[in-house]
Amino acid sequence: MSIPLPLFVAIPLAAAFLLPMFGKKGKSAATVLANMVTLSLLVLAIVTIRQYGAYEVGKWSIPLGIILVRDGLSSLLLLAIGVVSSAAMLFSTRYMEQYTAKAKYLSLFLLMVAGMNGVVLSGDIFNLYVFLEIASIASYALVGFGCEHEELEASFKYMVLGSIASTFILFGIALVYGNTGALNMAYISKAIQDSGVNAGLAFALALFVTGFGLKAALVPFHAWLPDAHPSAPAPISAMLSGILIKTLGVYALARMVFNVFGVSVEIGWLLMVLGLSSMVVGAFLALGQWDFKRLLAYSSISQIGYVILGIGLGATLISQQASLAWASLAILGGLFHLVNHAVYKSLLFLTSGSVEMSTGTRQLREMGGLAERMPITRTTCAVASASIAGVPPFSGFWSKLILVVAAVQARLFWVAAIIVFVSLCTLIMYLKIHRYVFLGEVPRSLEHIKENKGSMLVAMVFLACLCVLMGLLVLVPGLRENVLDPAVQVLTDGVKYSADVMGMTIGT
Amino acid sequence: MRGMTVIVKTVSSWVKVLIFLYGVYIVVFGHLTPGGGFAGGVVLASSYVLLMLAFGREFVEQDLPLALDSKLDCIGAFAFAMIAILGLVFAGSFFANFLYQKYLPGEPLRLISAGTIPLSNIAIGLKVGASLFLVFFSLSICRRGKGVTFDSPAGQEQE
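Protein chains in written order, with our numbering: chain Z, 1 to 508; chain F, 1 to 159.
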């Protein structure tokens, strides 16, 4: 069954503009429709997981027209976006009853999903920018959705830094266009292979690293994330930390570095240093936090470092002409960690939302002893914590193990040591959450709280099951060959991307 | 009396119609002459902006309620997405000009031509006009002293 690629963008986009017309009376109908949209996107992504190809929008062929390209990496990201957005949408069904203007929330949520799907499918650098802006602007509005003082402040800070990032990216695109005369990524890649990287293109690459680094909240550029992510409503925190920073930051950066510009030792080391500093600084900052969601936000910075480290290590190994097998192992580790982190970090944010909805506070010191009162939230949070800390049967263990093995094979023993050390810090910070939230004595003010019901629990249990089962993605060869290996292949092939895309468009 | 003097009100109530008509012209002739949905939408919005400057916010709110404006905004964007999807249904490609191939070839200076492009222009004009006016309206909500105020605790102001 062949499904046209634009549906991944068109369905959420059309639904996003349809929903506000339902008004106050049709609120429940709008909620059901929005849930159906996210679920159908997930199903579409699963059914067509191996359906790669290029799509010429409006039957205009490249380089005149715009193309959408779906390869292994896009498929992986589409799957992750589908999983996280379905769970977050299901969770919002009940959670967002606390807020007014739910139809507007659903509309912005779907716009953000449309933007992210567009970013991963776009084969055109300017369209990538447009979709990136759609997703970013929707997320600025969603961060400030509560309209409280602190939320508006966080949203404004996020908007200023996000706009700076977008300006950098746009400026980089202008430089690339000026130097290669193309906006299509395959054509840019071909032009760079033919004539090499001149000073203008090198500067453009620096702008891209800064811009996408800001979107991904890597360490020198991370200042907005610890404010923005805790201030948003919990399902939006889950979307932002779970998938937005990866789609807009990591995916776009990897696509530019590997497929468009081509890897070099320098850029590989740059990514590794950014990744390592994010891991260490993020973990240290997280340890000292006493706000539940703020701790999770700092932990996101630390975990995104793992992803960038894996990708950077792969880039270094490829450009050193070292063994390709170990390079693809490092990239596999990075990408697998990306998917894992999408699942367990969104689950952690959802549990924090569940706790916040019941207790009305995010401060760890004001909570305690919730284990018996909120058993399912506690259990799912424990699964996610074990997963993020790398306890063996859970998913996080396998991606970290792969990264350690790759680092050892690259003879970078100190990198392997840092990976293990940061993992230990992660374990400590999540033990802290369990100690203060779920164990100990119940404060008098919280004696009457109850577990949340309905869709919130379904969403959390769904993600918790995935946390347990995700290890199978690397352990079962059939699943790995369908999901992760093609994505790794796209990055290890590097600039062969341009020939692949041109081949696809002739085929259609 | 709200708004500006009688002279301004009288003139702008005449000019408003002309500006609005000009906006419609720019939108509808978007595929033939310079301009199009975006530019025409801005002109459409500016006619209401003029009305608001001359007569005050309350008058315009009766003329064009906020809820209606918001709906028009959504309808415009939804119609644009639908035109793209109809291209997928009828001509097999997203955004394909499905009317162009059989029925309405592009002809210079013919209003009814060029397939779906005029329709897209109208949708964009609606979207841009409605949302630009909404932006202007939202900015005018904040006033000093009276009207809607955002209550923030005095202590947090300095943070």
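Hints are computed from structural coordinates only; laboratory data are not their basis. Do not rely on the hints blindly, as some may be mistaken.
Claimed, not checked - Which chain F residues stay away from chain Z? Per the calculated CB distances, all over 10 Å, these:
#	residue
1	Lys16
2	Glu58
3	Leu66
4	Arg110
To be verified - SDA-like cross-link-like pairs, simulated, lysine to any residue; straight-line CA separation at most 20 Å:
#	chain 1	residue 1	chain 2	residue 2
5	Z	Lys24	F	Ile75
6	Z	Lys104	F	Leu21
7	Z	Lys59	F	Ile75
8	Z	Lys496	Z	Ser328
9	Z	Lys59	F	Ala91
To be verified - Ranges of calculated distance between the beta carbons of each label pair, as one might list FRET restraints:
#	chain 1	residue 1	chain 2	residue 2	range
10	Z	Lys24	F	Val6	39 to 45 Å
11	Z	Lys24	F	Glu61	44 to 50 Å
12	F	Arg110	Z	Ile46	23 to 29 Å
13	F	Ile141	Z	Val468	47 to 53 Å
14	F	Ser70	Z	Trp414	43 to 49 Å
15	F	Leu66	Z	Val160	27 to 33 Å
16	F	Ile141	Z	Val160	18 to 24 Å
17	F	Arg57	Z	Asp493	43 to 49 Å
C-beta: ideal position from N, C-alpha, C; glycine also.
Structure-based check of each hint:
{"no.": "1", "hint": "Lys16", "in the structure": "27 Å, holds"}
{"no.": "2", "hint": "Glu58", "in the structure": "23 Å, holds"}
{"no.": "3", "hint": "Leu66", "in the structure": "12 Å, holds"}
{"no.": "4", "hint": "Arg110", "in the structure": "22 Å, holds"}
{"no.": "5", "hint": "Z:Lys24 <-> F:Ile75", "in the structure": "17 Å, holds"}
{"no.": "6", "hint": "Z:Lys104 <-> F:Leu21", "in the structure": "32 Å, violated"}
{"no.": "7", "hint": "Z:Lys59 <-> F:Ile75", "in the structure": "26 Å, violated"}
{"no.": "8", "hint": "Z:Lys496 <-> Z:Ser328", "in the structure": "15 Å, holds"}
{"no.": "9", "hint": "Z:Lys59 <-> F:Ala91", "in the structure": "9 Å, holds"}
{"no.": "10", "hint": "Z:Lys24 <-> F:Val6: 39 to 45 Å", "in the structure": "40 Å, holds"}
{"no.": "11", "hint": "Z:Lys24 <-> F:Glu61: 44 to 50 Å", "in the structure": "19 Å, violated"}
{"no.": "12", "hint": "F:Arg110 <-> Z:Ile46: 23 to 29 Å", "in the structure": "48 Å, violated"}
{"no.": "13", "hint": "F:Ile141 <-> Z:Val468: 47 to 53 Å", "in the structure": "50 Å, holds"}
{"no.": "14", "hint": "F:Ser70 <-> Z:Trp414: 43 to 49 Å", "in the structure": "57 Å, violated"}
{"no.": "15", "hint": "F:Leu66 <-> Z:Val160: 27 to 33 Å", "in the structure": "28 Å, holds"}
{"no.": "16", "hint": "F:Ile141 <-> Z:Val160: 18 to 24 Å", "in the structure": "22 Å, holds"}
{"no.": "17", "hint": "F:Arg57 <-> Z:Asp493: 43 to 49 Å", "in the structure": "59 Å, violated"}
In summary, the structure is inconsistent with hints 6, 7, 11, 12, 14 and 17 from the numbered list given earlier, while agreeing with the others.
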